[in-house]
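Based on the sequences and whatever the hints tell you, model everything.
Keeping their order, the protein sequence lines are chains V and D.
Each residue of the first sequence is one higher than the one before, counting from 1 in full-length UniProt numbering.
Each residue of the second sequence is one higher than the one before, counting from 1 in full-length UniProt numbering.
Hints are computed from structural coordinates only; laboratory data are not their basis.
Just so you know, even glycine gets a beta-carbon here, dropped at the ideal spot from N, CA and C.
Treat the hints loosely; a few may be bogus.
[As the list claims (entries may be wrong)] Chain V is faced by these chain D residues, among others (derived, beta-carbon under 8 Å): (1) 123; (2) 124; (3) 126; (4) 127; (5) 315; (6) 346; (7) 353.
[Unchecked claim] With a cut-off of at most 20 Å between alpha-carbon atoms, the simulated PhoX-like pairs for lysine-lysine come out as follows: (8) V/318 - D/382; (9) V/318 - V/198; (10) V/382 - V/368; (11) D/160 - D/181; (12) D/162 - V/142; (13) V/318 - V/368; (14) D/142 - V/132; (15) D/150 - D/319; (16) V/39 - V/25; (17) V/150 - V/319; (18) V/368 - V/325; (19) D/150 - V/142; (20) D/142 - V/160; (21) V/264 - V/368; (22) V/150 - D/368; (23) D/319 - D/142; (24) D/160 - V/142; (25) D/39 - D/132; (26) V/150 - D/142; (27) D/142 - V/162; (28) V/132 - V/160; (29) V/142 - D/132; (30) V/319 - V/142; (31) D/318 - D/368; (32) D/142 - V/142; (33) V/160 - V/181; (34) V/142 - V/318; (35) V/132 - D/318; (36) V/150 - V/132.
[Stated by the list, open to error] Which bits of chain D does chain V cover? Going by a derived footprint, with three or more residues having C-beta under 8 Å, they are: (37) 78-90; (38) 111-120; (39) 133-147.
Number of protein chains: 2
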Amino acid sequence: MAMSNTTVQPPHTQSPDTSALDYFKSAISDEIRYVSEQKAAGRGIVGFYCEFTPRDLILAADAVPICLCGTSQNTISHAETLLPANLCPMIKSSFGYALTGGCPLLNDSDLLVAETTCDGKKKMYEVLSRDKNMHVLELTQKPDEERAFKHWLAEVEEMKEKLEQTFQLKITEQKLRDAIKAMNEERRLILAIQELGKHKPSIVSGYEVAQTRYRVAGFYQHMEQMENFLTMAQERIAQGYQAAPIHAPRILLTGCPTGHGTEKLIEIIEECGGVVVVQEACSGIKGVYEEVSEQGDPLEAIARKHFNIPCSCMTPNKKREEMLKTLARDYQADAVIDLVWQACHTYNVESVLLHDFVRNELGLPYMKVETDYSSSDREQLKVRVQTLLELTQ
Amino acid sequence: MAMSNTTVQPPHTQSPDTSALDYFKSAISDEIRYVSEQKAAGRGIVGFYCEFTPRDLILAADAVPICLCGTSQNTISHAETLLPANLCPMIKSSFGYALTGGCPLLNDSDLLVAETTCDGKKKMYEVLSRDKNMHVLELTQKPDEERAFKHWLAEVEEMKEKLEQTFQLKITEQKLRDAIKAMNEERRLILAIQELGKHKPSIVSGYEVAQTRYRVAGFYQHMEQMENFLTMAQERIAQGYQAAPIHAPRILLTGCPTGHGTEKLIEIIEECGGVVVVQEACSGIKGVYEEVSEQGDPLEAIARKHFNIPCSCMTPNKKREEMLKTLARDYQADAVIDLVWQACHTYNVESVLLHDFVRNELGLPYMKVETDYSSSDREQLKVRVQTLLELTQ
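Here it is, written out as structure tokens:
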């Protein structure tokens with residue numbers, strides 16, 4: 001796929017070494033090989049579908065944590081032979097991989113850790129559990145109540161026990177502390193890449209940043225290549241490279257997560273001359289914004305960090321507004337675009353509140369985009385996005 | 001509206017006194033008057049939108065419990081000016097009443113008790129809470145885990161405190177016991193009416209039984225009229241009255257709840273010559289199947305009874321299958337029809353599992369009907385239902 005920012009990149013600035021970018025674009029094949037090797041070497045493989053699932057805990061069980069969220073349009077028609085069509089494309093795509101057996105990472109998984117974050121996933125997991133070894137985490141959804149946190153903590157403790165049983169080992173406090181440290185380092189690298197978006201003029205496009213997200217956590221190659229990506233960015237600064245003109249409208253993208261193959265909206269924004277300076281979604285900054293505390297009880301620290309994720313499944317989800325306020329300021333956003341995957345009820349309804357918050361509290365233009373993984377609405381979306389960008393200038 | 005069973009009622013059998021039936025058809029006006037009087041007399045008025053909300057607790061606070069679930073197509077277009085169109089009609093209809101101010105029962109409510117049972121409602125409540133005094137109950141959703149029950153129990157305790165604060169009173173243990181007793185009596189009456197469906201040949205139609213459901217609990221008139229309805233049924237038996245021919249296909253209706261004005265599917269089934277012998281939904285038998293225990297701690301008993309409701313928001317929801325098995329046997333069902341309101345993800349996905357259960361475990365024909373409150377698909381549904389009924393004969 002061509003880089004999406006070719007239309008906005010000033011011709012006189014040439015990007016330095018882009019090998020890190022190339023790496024992440026095709027990292028899935030390295031991941032498949034790595035997971036297969038790790039499995040052969042006796043390590044456990046644990047798949048999951050949500051940012052609320054603590055990778056730290058899976059690493060502490062010396063297992064490989066893999067985010068299995070489906071980002072392919074191709075598996076959706078398979079899913080729809082069993083699931084209702086009126087579900088979010090991420091759920092259908094993920095389920096389609098299970099039906100077709102087309103995802104080696106899923107096929108290699110010894111255990112799936114599911115969660116009760118949204119209705120569609122919660123019930124899809126029941127269908128999936130007919131064929132897969134599954135453990136369900138119950139996420140309580142009143143984020144401001146200590147009692148809700150205590151229940152979540154107990155669920156995280158139960159997940160620890162499940163991992164211990166599954167892989168016949170003991171997750172010691174030291175293993176937890178080591179895993180937290182490793183994941184914090186990984187989160188810091190991801191965050192550092194996201195924070196490149198703060199530069200004005202932009203030194204990286206939103207599309208480039210989105211490319212650096214991957215599925216397998218705790219994989220040394222990814223860490224090396226994230227370092228390389230950061231080095232590339234420093235070289236770009238040194239060379240005066242601009243990923244977008246200084247007056248390109250700076251977009252804060254919020255809402256549902258994107259993934260490899262579902263960057264449609266990011267591509268459109270940047271094809272239209274804007275630049276996605278930060279993505280608030282869990283495919284962006286949401287999951288790495290806060291670290292796991294390295295003080296105190298490690299399991300409680302893991303539970304706390306994840307409980308604080310400002311997902312629309314929470315009620316009320318005031319932390320999302322706080323985060324958007326901070327991001328809009330720090331990344332000098334000119335407008336907010338809210339991506340809602342079709343049939344994602346929580347983000348879809350929360351948009352009613354977000355619209356008012358962005359317009360009235362942040363004083364920024366707001367646009368909600370409800371779409372799916374297909375490209376059928378591309379031209380229509382382009383007109384809408386183009387119009388929004390015009391209005392910001 | 002004409003009684004829907006006129007086409008199947010044998011001409012030689014005349015129904016006895018139908019005054020109870022007439023009463024329930026227009027009971028809303030009595031309810032509006034009653035609630036207004038009670039409010040004027042100083043009683044608290046508490047609205048809610050879900051069978052999980054314990055009416056017992058509201059009665060124990062000497063307040064009037066009102067189910068506010070919207071069943072009007074007319075308010076949906078109003079709701080869609082703010083909410084996404086892709087939400088279940090019950091959520092939109094309920095919200096539409098809040099926007100239009102067209103429901104005196106809602107307008108009279110001092111407090112709304114909401115819950116986290118499904119994504120659409122959970123987030124709709126956040127929008128509603130901008131204008132209404134609201135308390136949110138968090139329902140944990142792993143029905144087989146004692147820890148989940150404990151959290152729910154704590155939420156029910158918090159609801160008690162909220163009621164005490166709101167209405168400046170103390171809910172004593174005696175008040176709880178009295179309220180449980182009163183609600184158990186009411187539930188027994190509702191259940192007795194539902195159980196009339198066991199008769200073969202049918203002495204009441206599903207449409208008639210559906211008419212007897214109401215909104216305001218603890219209202220003496222309703223109790224009297226339910227007694228009258230039961231008396232009418234006894235007279236019908238004595239007179240050999242048949243609400244449907246003995247060979248009319250007996251339908252177990254499951255899935256989403258119906259209400260006054262949304263009996264479309266029941267009407268169609270009975271217009272096509274079938275008879276709905278029992279409705280498993282919370283507008284049918286689901287909420288009254290189990291009583292609150294009058295032994296032990298009353299608050300725990302209230303929490304337990306409600307936690308046991310086999311709603312599709314639970315994961316997994318095995319109790320629904322158990323209930324369907326019992327109902328199919330006790331009501332001599334010939335087929336199961338599963339009503340799914342459009343965009344109700346939990347019932348929609350659970351249908352995948354239910355299809356297999358009904359076909360393989362119960363050995364009965366199964367049909368899922370996904371529809372909304374409009375009548376636009378009436379003729380199409382009629383063809384499908386007619387075909388199903390043919391296949392059962």
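Hints, verified against the model:
Taken as an interface hint, residue 123 of chain D checks out: its beta carbon lies about 4 Å from the nearest beta carbon of chain V, inside 8 Å. The restraint placing residue 124 of chain D at the interface with chain V holds, with a minimum CB-CB distance near 6 Å, inside the 8 Å limit. Nearest Cβ of chain V to the Cβ of residue 126 of chain D: about 5 Å, under the 8 Å cut. The hint holds. Of the supplied interface hints, the one on residue 127 of chain D holds, with its beta-carbon coming within about 5 Å of a beta-carbon of chain V, less than 8 Å.
Of the supplied interface hints, the one on residue 315 of chain D holds, with its beta-carbon coming within about 5 Å of a beta-carbon of chain V, less than 8 Å. Hint status for residue 346 of chain D relative to chain V: holds, with the closest Cβ pair at about 5 Å, below 8 Å. A distance limit of 8 Å between C-beta atoms decides the matter here; for residue 353 of chain D the minimum to chain V is near 6 Å, and the interface restraint holds. Proximity of residue 318 of chain V to residue 382 of chain D is assessed by CA-CA distance (about 46 Å); at most 20 Å being required, the pair is judged violated.
As the CA atoms of residue 318 of chain V and residue 198 of chain V are separated by approximately 23 Å, the hinted pair breaks the 20 Å bound. The hinted pair formed by residue 382 of chain V and residue 368 of chain V meets the criterion: a straight-line CA distance of about 13 Å does not exceed 20 Å. Taking the CA atoms of residue 160 of chain D and residue 181 of chain D, the gap is about 17 Å. The hint holds against a cut of 20 Å. Proposed proximity of residue 162 of chain D and residue 142 of chain V is supported: the alpha carbons are some 16 Å apart, at most 20 Å.
Between residue 318 of chain V and residue 368 of chain V the alpha-carbon distance is near 19 Å, which keeps this suggested pair within the 20 Å criterion. For the hint pairing residue 142 of chain D with residue 132 of chain V, the CA-to-CA distance comes to about 19 Å; that is within 20 Å, so the pair holds. For the given pair, residue 150 of chain D sits about 19 Å from residue 319 of chain D by alpha-carbon distance, which is consistent with the 20 Å threshold. A C-alpha spacing of about 24 Å is found between residue 39 of chain V and residue 25 of chain V, which places the hinted pair above 20 Å, so the restraint is violated.
Restraint check for residue 150 of chain V and residue 319 of chain V: satisfied, since their Cα atoms lie roughly 19 Å apart, inside the 20 Å limit. For the given pair, residue 368 of chain V sits about 17 Å from residue 325 of chain V by alpha-carbon distance, which is consistent with the 20 Å threshold. Taking the CA atoms of residue 150 of chain D and residue 142 of chain V, the gap is near 16 Å; set against the 20 Å cutoff, the hint holds. This hinted pair checks out: residue 142 of chain D and residue 160 of chain V have alpha carbons roughly 18 Å apart, not beyond 20 Å.
Proposed proximity of residue 264 of chain V and residue 368 of chain V is supported: the alpha carbons are some 14 Å apart, at most 20 Å. As the CA atoms of residue 150 of chain V and residue 368 of chain D are separated by approximately 39 Å, the hinted pair breaks the 20 Å bound. Distance check on the hinted pair: residue 319 of chain D and residue 142 of chain D sit about 12 Å apart at the alpha-carbon level, within 20 Å; holds. Simply put, residue 160 of chain D and residue 142 of chain V have alpha-carbon atoms about 18 Å apart, close enough for the 20 Å limit, and the pair holds.
Pair hint residue 39 of chain D plus residue 132 of chain D holds up; C-alpha atoms about 17 Å apart against a cutoff of 20 Å. Distance restraint check for residue 150 of chain V and residue 142 of chain D: the Cα-Cα separation of roughly 16 Å lies within the 20 Å cut-off, and the hinted pair is therefore satisfied. Of the supplied pair hints, the one linking residue 142 of chain D and residue 162 of chain V holds, its CA atoms being roughly 16 Å apart against a limit of 20 Å. Only pairs whose Cα atoms come within 20 Å are accepted, and residue 132 of chain V paired with residue 160 of chain V is accepted, the gap being roughly 19 Å.
With a CA separation close to 19 Å, the supplied pair residue 142 of chain V and residue 132 of chain D stays within the 20 Å bound. A hinted pair counts as satisfied when its Cα atoms are at most 20 Å apart, and residue 319 of chain V with residue 142 of chain V qualifies at roughly 12 Å. Restraint check for residue 318 of chain D and residue 368 of chain D: the C-alpha separation of about 18 Å stays at or below 20 Å, so the hint holds. About 16 Å separates the Cα atoms of residue 142 of chain D and residue 142 of chain V, which keeps this hinted pair within 20 Å; it holds.
A distance of roughly 17 Å separates the Cα atoms of residue 160 of chain V and residue 181 of chain V; the hinted pair therefore holds under the 20 Å criterion. Of the pairs offered as hints, the one joining residue 142 of chain V and residue 318 of chain V holds, with about 11 Å between alpha carbons and a cut-off of 20 Å not exceeded. Distance hint between residue 132 of chain V and residue 318 of chain D is fulfilled; the C-alpha atoms sit about 18 Å from each other, no more than 20 Å. Using a Cα cut-off of 20 Å, the hinted pair residue 150 of chain V and residue 132 of chain V is violated, with the two alpha carbons roughly 28 Å apart.
Given a C-beta distance limit of less than 8 Å, the hint that chain V covers the segment 78-90 of chain D holds, as 5 residues qualify and 3 suffice. Counting residues of the segment 111-120 of chain D whose CB lies closer than 8 Å to any CB of chain V gives 4, which reaches the minimum of 3, so the coverage claim holds. Coverage of the segment 133-147 of chain D by chain V holds. Counting CB-CB distances below 8 Å, 7 residues qualify, and the rule asks for three or more.
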